[in-house]
Amino acid sequence: MPLLRPLFARLAALLRGGKLDREMDEEMGWHVEMETERNRAAGMTPDDTRCAALRQFGGVDQLKERERDARGWMWLEQLGKDFRFTIRSLTKSPGYTLSVVATLALGIGATTAMVSIARQALLPSLPFPDEGRLVAVEEFNTLENQPCPVFAPRYVAFRAHENSFLAIGGKRSEQMNLVVDGQPSARTVFWVTQGLLRAFGVNVALGRTFTEDEFRQGSEGAVALLNFRMWQQQFSGDPAVIGRDILLGGKLRRVIGIMPATLNSWPGGLSKWWDVCLPCAEESFDTVDPHNPYFETVHVVARLKPGVTFQQAQAELALTPMPAVMPPFLQALTPRVIPIRDKYRAEASQLFWVFLGAVGCLYAISCSNAVNLILVRTVSRRRELGVRLALGGSRRQLVRLLIVESMVLTVLAGALGLLVAKGGYAVLGGLIGRWLGSGTQLGVLDRPTLMITLVVCLGTGILLGLAPAWRIGNANLQDVLKEGAGSLGDSRRLQRLRNGAVVLQAALATILLIGGGLMVRSFERLQRTGVGFDTSNTYDMFGDLPFGPSADSFFDLSDRAVAELRRLPGVQAIALANGPPMRFGYFSRMVQIEGRPDLGKIGCSEDVVGPGYFAAIGLPLRIGRDFAGIHRGDPRVMVINDALARRLFPQANPLGQRLDLGFDKVCEIIGVVGDVHEVGARQAPLPHYYVPIWQRTSPKNYFLHVLLRLAGKPDAGLEAEVRKSMYSIEPRMVTQFWKLEDDSLFVERGTLAVLQVMSVLALLLATMGLFAVMAYSVAQRQREFGVRIALGAAPDVLLRMVLRRGLALAALGVAIGLAVSWGATQFLQSVLYETSPCDPATYAGVTAILLVVAAVACWLPARRAAKVDPMAALRAE
Amino acid sequence: MAKIDLLQGNLEMMILRILSSGAQHGWGISQRIHVLSHEALKIEEGSLYLALYRMQRKGWISAEWGQSENNRRAKFYELTKAGRQQLETHRDGWDRLCAAIAQVMRKEPAEQ
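Those protein sequences? They're chains A and B, same order as listed. Residues in the first sequence are numbered from 1 upward in steps of one, following the working numbering. Residues in the second sequence are numbered from 1001 upward in steps of one, following the working numbering.
Because the hints were derived from the structure by calculation, they are not lab data. Hints should not be assumed to be uniformly reliable.
To be verified - With beta-carbon atoms standing in for the labels, derived distance ranges: (1) 1081/B - 51/A: 35 to 43 angstroms; (2) 91/A - 1067/B: 49 to 57 angstroms; (3) 262/A - 1084/B: 57 to 65 angstroms.
Ideal placement from N, C-alpha and C gives every residue a C-beta, glycine not left out.
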């Protein structure tokens, strides 16, 4: 390693400098001695011999010094000195140190947190072997132009016809009661096929996995695998639970193993949170109830054979013949083969680029703020630095000192920044945690995160050190000494640099504020649009009835449930339904006006509801009446929504018209209600109708939903109370209780909150920066102001002069920021609702806010300028 | 006769040359240079040691403590493989330089 040898030699020299010195002494001493000896032999007088020898040798001490310089890492020793000096000088000015460190810590911390979250969101790490071959199979309804779940008959057909996969499997989910010590809790149970576990290729963390026999029809569900998180929470991570029986869904099932923590949440799909896995036979998907259009939906995962591409697999699946049992409105389906990685990616992941840009702006503001503070300090230290130069310190040494200083500051800031990042995780997790794909671990300072922080820190340190160093490198020694002694102002170039920093900060703050402002405007409009009904204090009691009661016992049960719930405190309205509003995003039915097949069929969705439903969720009745006063056995009736009324009867009065729902069911329209935005405020409402609960056909699975409107916020214990009372009337029913909310806005809400937090921080930092620069320049020009006042300038004139200068800088920054925003906000387009990225009101508002804030920041320094006492200022130096 | 000043590179080259015939301590090297140059070169002997340390760091020579002729502890220097290569390079360069300079010095300057 010839290249490394000098390095090792120097390192060795650094570590054992003393030993090398002694050896050098010995060697040189011996040489002089030999020389002396020789001189004596040549016949010199004893006095002369040694003198001559030394003369011949040269200056011993200078030689040794030169050698020490040459061999060692002198600069490293110097660095140590610089470091100690820096610590001393920083502790002497704690105010300065604190403000620089705090500013930088904020920037570094926010950047670290955001970059680490974005890294996981954009480049998730998957827990499966050879995950590149793992795919999800989904369906797309080409008629409605929207995604659609995979229905069981289609899954069976795919399995029979595919030839592209090493393994393909499905999972369906079900809610079950888990009863531990008499306490029921609702659990999400995944029925998984053998192919699914084979496709994933993961092993259990503890215990064993299912055997082939356990997947056989008949023995299904006798054994169970637990979710790692659920095992920790419910069973305190006790390994003894393996081999024990648990009471789940009214049956005793033996726990045989624990799934690994990496599968705590399932990739993709709506129900990614699960608790228990049960084995399910492939044949269980074969049985189809021909009268039930609600087929079992299956979540399908497969592993590609080597050499087969996604496109090939998709093309092959597309050739699968459509099963005859599929209803006509569900025949325009195209399978989609999607890499599993895409299912893991965060929702709205393109927004993370916006967040990265935003945090980049914040970081730049915090850096330029720190640069400003450092520059100000460098200027006040110019005399010290000048004296160092005059006494023979080289420029390189000065630059080194300055870089050491900024490094110390940034390393301190980095350490503090990690704490900020920890806090940032908590904030960001609350705001956008829901978007993150399953498997994302928030708030873990893992190695990549620490690397990011380190790189950010070191980069910042060098950058911050170079700014003043560049100044020193260019400085004229004499000027420095002269100016330091009694300058009227500081160098123009330095001033320009500081002004530049202020302009940059104002520009970046403008960009962030505009981003935040646009989100506020868009969000306001979304909320004004709403989802069509009143979500405040509206709750849904959901009972899953896997035992499939007969119609009579169902109504008996629902009557008892309603009576029980009515006893809850503060119940204002209560109604039965077969589901909460806002669960449809697709069509499940086709209707046509009776006797008018020429008009064609209209796709829509159906809700089966009890009397009082519209009042309970606050959905306005436009015309006609609701189901009050209609009883079981009366002729079939229905209520349609505005959207369906517009589609079917653009001119005519819908009341009294009769609609054919298929399956030999014809209903008379008795009312029209407002629209529910099923997919959220952003999407236009879809055609929808409501029929009384007793008109329902008999589905395979029974659900009991009771919608309640409470007078105010419920007590904390309400949910447990509801679950307990429901368990008492029917122990097989799985009960859940939640508040109805417009969930569809969570992306908007998160984006809004993140941009708001960032833009407020940016505004604060930029204001601080402007204030610091103005205050400093006023302090520097104190003498000038004194002279002006002495010569008769009015204080008002000075005040205006300072204000004008500060505002000019801010205005320039704002102008640049507005121009950049014009282009940059296009990235927000996808989340903006009825708001242009160039919304003039937002731009005007942000400009006004920034200028007002700038005026406030300049006001104090300007007042100080106007109040300068001329005598004091002139006498000062 | 006035003694000739030495350039740094030349000293290194001569040290390499002397060590090519076997390990030697600093004093011995200085004596060899005196003898071989017929006492014509002026070496500040201290700078000899600086050159030795420098060459050691470059990896051309290695050093080891040993016993001198008069039974004193002395540091012996020895050529490494890299040093041997360096000597060849130096020798080539030196020959060419000498030839070129000799060429120039032999010719009469052209008449102006």
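Status of each hint after checking the structure:
no. : hint                               : verdict
1   : 1081/B - 51/A: 35 to 43 angstroms  : holds (42 angstroms)
2   : 91/A - 1067/B: 49 to 57 angstroms  : holds (55 angstroms)
3   : 262/A - 1084/B: 57 to 65 angstroms : holds (59 angstroms)
The structure meets every hint from the earlier list without exception.
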